[in-house]
Amino acid sequence: MAKGYKYFEAIEKHAGKLAIFTAIMVSIGGLAEITPLFVEAHSITASAGVKPYDPLRLAGKDIYVREGCYLCHTQMIRSLRAETQRYGAYSVSSESVYDRPHQWGSKRTGPDLARLGGKYSDEWQRLHLLDPRAVVPQSNMPAYPWLADEPIDSKDSVARVRAVQLLGDPYSAEKIAAAPAALEGMTAMDALVAYLQGLGLPAEVAEDPT
Amino acid sequence: MPQTETYNDQVVRLFLLAAAIWGVLGMAIGVFVAAQLAWPALNFDTPWLTFGRLRPDHTFGVIFAFGGSALMGTCYYVAQRTGHTRLALPRLANFTFWGWQLICVLAMVTMPLGLTQSKEYAEPEWLIDLLVAVVWVSFGVVFFATLARRRIKHIYVANWYYGAFIIAVGLLHIVNNIVMPVSLTKSYPVYSGTVDAMVQWWYGHNAVAFFLTAGFLGMMYYFVPRQAQQPLWSYRFSIVNFWALISVYMWAGSHHLMYTALPDWVQSVGMAFSILLLMPSWGSAANGLLTFNGAWKRVASDPAAKFMVIALVFYAAATTEGSLMAVKTVNSLSHYTDWTVAHVHSGAIGWVAMITIGSLYAMAPRALGRPAMHSRRGMEWHFWLHVTGLVMYVASMWTAGVTAGLMWRATDSSGTLIHPFIDSLIAVRPFYLIRFLGGLLIVAGMVVMAWNLWHTAADARARLIKPIPVPIPEPEPRQMPAPVPARA
Numbered sequence: 001m002a003k004g005y006k007y008f009e010a011i012e013k014h015a016g017k018l019a020i021f022t023a024i025m026v027s028i029g030g031l032a033e034i035t036p037l038f039v040e041a042h043s044i045t046a047s048a049g050v051k052p053y054d055p056l057r058l059a060g061k062d063i064y065v066r067e068g069c070y071l072c073h074t075q076m077i078r079s080l081r082a083e084t085q086r087y088g089a090y091s092v093s094s095e096s097v098y099d100r101p102h103q104w105g106s107k108r109t110g111p112d113l114a115r116l117g118g119k120y121s122d123e124w125q126r127l128h129l130l131d132p133r134a135v136v137p138q139s140n141m142p143a144y145p146w147l148a149d150e151p152i153d154s155k156d157s158v159a160r161v162r163a164v165q166l167l168g169d170p171y172s173a174e175k176i177a178a179a180p181a182a183l184e185g186m187t188a189m190d191a192l193v194a195y196l197q198g199l200g201l202p203a204e205v206a207e208d209p210t
Numbered sequence: 001m002p003q004t005e006t007y008n009d010q011v012v013r014l015f016l017l018a019a020a021i022w023g024v025l026g027m028a029i030g031v032f033v034a035a036q037l038a039w040p041a042l043n044f045d046t047p048w049l050t051f052g053r054l055r056p057d058h059t060f061g062v063i064f065a066f067g068g069s070a071l072m073g074t075c076y077y078v079a080q081r082t083g084h085t086r087l088a089l090p091r092l093a094n095f096t097f098w099g100w101q102l103i104c105v106l107a108m109v110t111m112p113l114g115l116t117q118s119k120e121y122a123e124p125e126w127l128i129d130l131l132v133a134v135v136w137v138s139f140g141v142v143f144f145a146t147l148a149r150r151r152i153k154h155i156y157v158a159n160w161y162y163g164a165f166i167i168a169v170g171l172l173h174i175v176n177n178i179v180m181p182v183s184l185t186k187s188y189p190v191y192s193g194t195v196d197a198m199v200q201w202w203y204g205h206n207a208v209a210f211f212l213t214a215g216f217l218g219m220m221y222y223f224v225p226r227q228a229q230q231p232l233w234s235y236r237f238s239i240v241n242f243w244a245l246i247s248v249y250m251w252a253g254s255h256h257l258m259y260t261a262l263p264d265w266v267q268s269v270g271m272a273f274s275i276l277l278l279m280p281s282w283g284s285a286a287n288g289l290l291t292f293n294g295a296w297k298r299v300a301s302d303p304a305a306k307f308m309v310i311a312l313v314f315y316a317a318a319t320t321e322g323s324l325m326a327v328k329t330v331n332s333l334s335h336y337t338d339w340t341v342a343h344v345h346s347g348a349i350g351w352v353a354m355i356t357i358g359s360l361y362a363m364a365p366r367a368l369g370r371p372a373m374h375s376r377r378g379m380e381w382h383f384w385l386h387v388t389g390l391v392m393y394v395a396s397m398w399t400a401g402v403t404a405g406l407m408w409r410a411t412d413s414s415g416t417l418i419h420p421f422i423d424s425l426i427a428v429r430p431f432y433l434i435r436f437l438g439g440l441l442i443v444a445g446m447v448v449m450a451w452n453l454w455h456t457a458a459d460a461r462a463r464l465i466k467p468i469p470v471p472i473p474e475p476e477p478r479q480m481p482a483p484v485p486a487r488a
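Going down the list, the protein sequences come from chains A and B. By this note's numbering, the letter at position 94 of the first sequence is numbered 94, and the numbering carries on one by one without gaps. By this note's numbering, the letter at position 135 of the second sequence is numbered 135, and the numbering carries on one by one without gaps.
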């Protein structure tokens, strides 16, 4: 038996030591990679055109999340030539600072949406969500007809804006005060289309979808 | 000391039953969503039947409901056998069973209703996450309390893997799910953008590492020697692989974010450690396979051993593929395509499901007080249905992935992209049909297993099972672990 074996033996015969060493070993990698990102995150600020989602777009983003759009669409243009040729400039950190959670995605059954905003008309987006095959015959995207009849709950939406504000996203008091009026009579479809039409656009271009 | 203690197999049997049911259900949902990718009208314009809402049900159903139940059940079985002791805290152990099943039912019902955090493999909302934390800590307490009352001084290596699985998954789950609740059904994560992406894939990757690898390696290290009826090929090698696996895996999560807005150094570190991962992965696979050395006859005669051998082959193959896909140049082609789907499923259907099924076939008769499974032919049928389905699935998705990846980057002589995106979808649609058929075969196999387990349990249902006595060893002043010399 090797000379140093007794040290191993001490671990192998002691459940507590085994657990502690295991916890240490599994923590190192995560700490090494995530801690610097936290530190760096404070230095990443939104780039000039990027502003927090206005209440309607935030509601739209939540519908994007709810319907699981991220399972077939990415919002992350990689820094590869074929990607920038197809979808536009590659995505950078400062563009997704207000995405809670991020919607980078992991699979493209459909195309990337990071710079979808303004590529098609609102009416096209609406038709496409109601019946994708009416505009793209070979598409395998499901239809989302229920969105058109679903009203946005403005009270809930305002609570959501306040929650992300609490997490540090800058919203002015006026913006929040104006939210119920801006959401009045809006449907889930309106919110989702507003969100999609704002993707990748500088805030001043995408300002006020109403 | 009189022989009075018996193993507590009641909770093991409950988990066995749950695993069989969730296995069929989770995989059936997978087949349904696969059919939707081929025929999109199959959502019948109904919100809760739509792909985006059902896909988390498939992944949660197979990973946490099926895999989780199998892992917890075998963990309780193995900790008792390798420690020559009865399960500690039986009431808490029963609570972990009912608690886990409640979590699975809640998650599987709420996700199709649209309640999701949209973090892959961590979709359930915050209330369910809290429940998971409570049940998980209880599971850890039962496991370590059982280890604490063991009669064999040395802790057998299978328990090391189960222990790492419990500790790491608890850590990952808590860190990834720190959120700000808005209402009972909605929350926002405290992380955003790049940090959120890194935390999510640190979690996502290591859920694979510790839930789908370390846990199932625990299963492997107990049941493979059990079915081969001889000791592990090299005990020391398994220990070396243990420390290498748990320390290296945690670094590799960033390989899910190659060429993204994640800082470049994190991507490179992730790639380097992913390549290092080949060593412990191959080490465990080789150790398992070599354990059959000199006992290969058993593989022909015992379907449970057959499942285990193919599982180990797929473990080696899928981890090789994973390391290669973490190389940036390969990743630039494979990422976002169905190649990733092929890779995940060669790991999930090939390694995880097959080592589980093999272990369940090995454990069920013993836990149910029967000499063998009800039908050997049923096990053989299951094996061939499963393997055929697996090959159809992996081959079709691999081809689809490479096809789409090449089409996305193809340019003509002037440097202009040749294919609009829709062309790549049209090209892969036929493969979606083959994948669907492969999935059908796999579910059919799971139904055969459920039927077989039901009949094996008939005797147990008819009368009380005779409890299995715990072998109580003679007290020894100083026990050495018996490292088995490597076989030639």
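Among the hints, a few may not be true.
Each computed DMTMM-like pair below joins lysine to aspartate or glutamate, with the alpha-carbon atoms no more than 20 Å apart [what the hints assert, rightly or not]:
hint, chain 1, residue 1, chain 2, residue 2
1, A, LYS51, A, ASP169
2, A, LYS175, A, GLU150
3, B, LYS153, B, GLU5
4, B, LYS466, B, GLU5
5, A, LYS107, B, ASP423
6, A, LYS155, A, GLU184
7, A, LYS155, A, ASP131
8, B, LYS153, A, GLU9
9, A, LYS119, A, ASP131
10, A, LYS107, B, GLU321
11, B, LYS297, B, ASP423
12, B, LYS153, A, GLU12
What the simulated footprint calls covered on chain A by chain B, stretch by stretch (three residues with Cβ under 8 Å from a Cβ of chain B suffice, anywhere in the stretch; the number is not a length) [said to hold, decoys possible]:
hint, stretch
13, 116 to 129
14, 158 to 167
Everything labelled a hint here was simulated from the structure, so no lab data went into it. Where is the CB? At the ideal position from N, CA and C, for every residue including glycine.
Tested hints:
no., hint, in the structure
1, A:LYS51 - A:ASP169, "holds (9 Å)"
2, A:LYS175 - A:GLU150, "violated (24 Å)"
3, B:LYS153 - B:GLU5, "holds (18 Å)"
4, B:LYS466 - B:GLU5, "holds (13 Å)"
5, A:LYS107 - B:ASP423, "holds (17 Å)"
6, A:LYS155 - A:GLU184, "holds (10 Å)"
7, A:LYS155 - A:ASP131, "violated (30 Å)"
8, B:LYS153 - A:GLU9, "holds (10 Å)"
9, A:LYS119 - A:ASP131, "holds (18 Å)"
10, A:LYS107 - B:GLU321, "holds (18 Å)"
11, B:LYS297 - B:ASP423, "violated (50 Å)"
12, B:LYS153 - A:GLU12, "holds (8 Å)"
13, 116 to 129, "violated (count 0)"
14, 158 to 167, "holds (count 6)"
Checked against the numbered hints given earlier, this structure breaks hints 2, 7, 11 and 13; the rest are met.
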